[in-house]
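Asks: Chain residues, written in single-letter form:
Number of protein chains: 2
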Amino acid sequence: MHLDLALLGFGNVGQELAELLLRKRIELEADFGLTWRVVGISARSKGTALDPAGIDLEAALSAVAGGGTLAGLHQGPPLADTGAFIAACPAAVFFEMTTTNPQDGQPATDHVRAALGKGAHVVSANKGPVAFAHRELLALARLKRVGFFFESTVMDGAPVLGVGREGLPASHIRRIRGVFNSTTNYILTRMERDRLGFEDAVRAAQEIGVAEADPTLDVDGWDSAIKTVILANVLMGADLRPKDAAPVGIRDVTVDDVHAALAEGARIRLVCEAARGEDGTVRASVAPQRVPLEDPLASVMGTSSLVDFEADTLRRLTLIEHDPGPDTTAYGLLVDMLNIARGRHLV
Amino acid sequence: MHLDLALLGFGNVGQELAELLLRKRIELEADFGLTWRVVGISARSKGTALDPAGIDLEAALSAVAGGGTLAGLHQGPPLADTGAFIAACPAAVFFEMTTTNPQDGQPATDHVRAALGKGAHVVSANKGPVAFAHRELLALARLKRVGFFFESTVMDGAPVLGVGREGLPASHIRRIRGVFNSTTNYILTRMERDRLGFEDAVRAAQEIGVAEADPTLDVDGWDSAIKTVILANVLMGADLRPKDAAPVGIRDVTVDDVHAALAEGARIRLVCEAARGEDGTVRASVAPQRVPLEDPLASVMGTSSLVDFEADTLRRLTLIEHDPGPDTTAYGLLVDMLNIARGRHLV
Numbered sequence: 322m323h324l325d326l327a328l329l330g331f332g333n334v335g336q337e338l339a340e341l342l343l344r345k346r347i348e349l350e351a352d353f354g355l356t357w358r359v360v361g362i363s364a365r366s367k368g369t370a371l372d373p374a375g376i377d378l379e380a381a382l383s384a385v386a387g388g389g390t391l392a393g394l395h396q397g398p399p400l401a402d403t404g405a406f407i408a409a410c411p412a413a414v415f416f417e418m419t420t421t422n423p424q425d426g427q428p429a430t431d432h433v434r435a436a437l438g439k440g441a442h443v444v445s446a447n448k449g450p451v452a453f454a455h456r457e458l459l460a461l462a463r464l465k466r467v468g469f470f471f472e473s474t475v476m477d478g479a480p481v482l483g484v485g486r487e488g489l490p491a492s493h494i495r496r497i498r499g500v501f502n503s504t505t506n507y508i509l510t511r512m513e514r515d516r517l518g519f520e521d522a523v524r525a526a527q528e529i530g531v532a533e534a535d536p537t538l539d540v541d542g543w544d545s546a547i548k549t550v551i552l553a554n555v556l557m558g559a560d561l562r563p564k565d566a567a568p569v570g571i572r573d574v575t576v577d578d579v580h581a582a583l584a585e586g587a588r589i590r591l592v593c594e595a596a597r598g599e600d601g602t603v604r605a606s607v608a609p610q611r612v613p614l615e616d617p618l619a620s621v622m623g624t625s626s627l628v629d630f631e632a633d634t635l636r637r638l639t640l641i642e643h644d645p646g647p648d649t650t651a652y653g654l655l656v657d658m659l660n661i662a663r664g665r666h667l668v
Numbered sequence: 322m323h324l325d326l327a328l329l330g331f332g333n334v335g336q337e338l339a340e341l342l343l344r345k346r347i348e349l350e351a352d353f354g355l356t357w358r359v360v361g362i363s364a365r366s367k368g369t370a371l372d373p374a375g376i377d378l379e380a381a382l383s384a385v386a387g388g389g390t391l392a393g394l395h396q397g398p399p400l401a402d403t404g405a406f407i408a409a410c411p412a413a414v415f416f417e418m419t420t421t422n423p424q425d426g427q428p429a430t431d432h433v434r435a436a437l438g439k440g441a442h443v444v445s446a447n448k449g450p451v452a453f454a455h456r457e458l459l460a461l462a463r464l465k466r467v468g469f470f471f472e473s474t475v476m477d478g479a480p481v482l483g484v485g486r487e488g489l490p491a492s493h494i495r496r497i498r499g500v501f502n503s504t505t506n507y508i509l510t511r512m513e514r515d516r517l518g519f520e521d522a523v524r525a526a527q528e529i530g531v532a533e534a535d536p537t538l539d540v541d542g543w544d545s546a547i548k549t550v551i552l553a554n555v556l557m558g559a560d561l562r563p564k565d566a567a568p569v570g571i572r573d574v575t576v577d578d579v580h581a582a583l584a585e586g587a588r589i590r591l592v593c594e595a596a597r598g599e600d601g602t603v604r605a606s607v608a609p610q611r612v613p614l615e616d617p618l619a620s621v622m623g624t625s626s627l628v629d630f631e632a633d634t635l636r637r638l639t640l641i642e643h644d645p646g647p648d649t650t651a652y653g654l655l656v657d658m659l660n661i662a663r664g665r666h667l668v
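Protein sequences appear in the order of chains H and S.
With this note's numbering applied, the first sequence corresponds to residues 322 to 668, in that order.
With this note's numbering applied, the second sequence corresponds to residues 322 to 668, in that order.
This is chain H alone, in the form it adopts within the complex (with noise of 0.2 Å):
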């Protein structure tokens, strides 16, 4: 099988993902006898390429490595917008990698739609349209018969969602706890470890580039609540939107909040939680709480994360992330698009 690929976004995890597709490219032959080729790189602040016969990749790395752009490697008249580059770009499969917008998903949610409408497969690491239009865009998948997979969204590239679908087929998830947001949770380990306060762990948490220099999605809890939500409606037929989490931060944690929970034998999580109520309806919550050190949530220190799913089959599965970057984001979007080689949005 061969698939010619488009990437919507070159930004950190754009390039990881570009790093990954060339140092995989002999295994992804032998062991899957996929093939692959870049036709169209759309970013930004680095400019656009589109080029049927082929884009050399290592080139496209090494413009943006250097501070160029990607005008050099493209092929036919310019596109006005991310819009013409989709519906020029003859890719089978899109990577959709631009930057999560909290609000309403866009544009995120127009380009997964063209791409989807025009017959191609999708694979998202954006939260956004997932967030805000995963039923719509499901539908058009399947009308299409193409994939849409987004394993990356949660928890970088461990297969939250691959065990969702194929580790808990014909199970009932009756309740999906976790902690999904790496930068509020290293806060919370710096305030621990090292007395540091709510504001010089911020700023300890940007040095690092764990956090963005406007924090507040992160702090507010607000990429919890979106990640919540995709759980909450892919893996427990919710229809949820991030505000419906009325998710709380950590802005009012303090280090003494810290050390006495932990004098008590507890730690403070922001902790994620999706539950089906006695009425059948699904209910999702992002807040600070104490958590009891013997349980699994306890234990994820710094960046990793977790998830704790709860069914009718399987009483409580963990999955632990430890230590995740944008190349295990990546890696997410390298699993998804072999899953859609190996035709897993067929059955």
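Calculated from the structure, these hints are not laboratory results.
Mixed in with the good hints there might be a few duds.
It does not matter which identical chain is meant; a pair holds if it fits inside one copy or across any two.
What the hints assert, rightly or not - Here are the computed lysine to any residue pairs in the SDA-like style, where the Cα-Cα straight-line distance is at most 25 Å:
{"hint": "1", "residue 1": "K465", "residue 2": "D352"}
{"hint": "2", "residue 1": "K439", "residue 2": "G397"}
{"hint": "3", "residue 1": "K439", "residue 2": "L400"}
{"hint": "4", "residue 1": "K465", "residue 2": "G646"}
{"hint": "5", "residue 1": "K564", "residue 2": "T537"}
Given the coordinates of chain H, assemble chain S onto it according to the supplied hints.
Replies: Same frame as chain H, now just chain S:
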């Protein structure tokens, strides 16, 4: 799709599977388009029933629950032994659920070989055929283009092998570590919590049905060795046998050892490990080790179990199954059957 099923073994796990099949009947048809019928049950002490027109599974459960045999459900001439049953039974899927023989995996390996040889799929909860003959049986299954799945052999129904196959494709797994044996972990937990001596803890495990009357296999590390070798052979390409893990059990661990470790911030766990060395060779080991409390391995209490994968893609991924039982083993068998119905053995 319709599958005719045969059950080899009708003890705790076989009966749980029968109940789960009945409980999930409507869902399997609605969600997966899968209908099924049991056409044969072969049990050591409970007799044999073969009926190509379909066995009433509820009647089979009632018969054995009342201490009776399956003889009243049998149609046709008597069958000399399990080999004759397999030859005569027109099932598309054989579930191998007889007792694991830790010396050579027999006669279960012969059962699996015979079923695959006649072009039937095999789902095994029996660890013997996988630990002793995985390569041969997998080659036979591929030749016949049938499925040979065995998710329940390691950590019951937790998707350990499924994660290896579906969640970590195109990865090199460098090391697998875990706590795979419920009995020894329960014993170590009681030695810690209740300061029971080793012998008393074994008796406590026997009283609640966690340990066998003869606990040798568990206590001396052989069950752990078998599972470690299964993971090494299936997920790391090794070709080891249980004795290659040279298991050291927990017989010599004392209450004082357990509490001395705890005082120094560690727990004693029967750690199973398979690791690829510098020379490319995979080595397996099973031995009690002190594990720091921060390590998720130390957080596994009672009958729960854990596996930890280290790979070139995801740095470290941990799976924990909490509170397993014969019903979660049965769920692993059901998942394997579903994955056969979904053609997961073909791509």
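Asks: Could you run down the list of hints and mark each one as holding or not?
Replies: To see whether the hints hold, each was checked on the structure:
In this homomeric assembly, K465 and D352 come within 25 Å of each other (Cα to Cα) only across copies, at 20 Å, whereas the closest approach inside a single copy is 28 Å. In the homo-oligomer, the alpha carbons of K439 and G397 lie at most 25 Å apart inside one protomer (21 Å), although the nearest pairing across protomers, at 58 Å, exceeds that limit. Within a single copy, K439 and L400 get their C-alpha atoms as close as 18 Å, which meets the 25 Å cut-off; across copies the closest is 59 Å, which misses it. For a Cα distance limit of 25 Å, the shortest separation of K465 from G646 qualifies neither inside one copy, at 33 Å, nor across copies, at 42 Å.
With identical chains, the CA atoms of K564 and T537 are at most 25 Å apart within one copy only, with a shortest distance of 15 Å there and 55 Å across copies.
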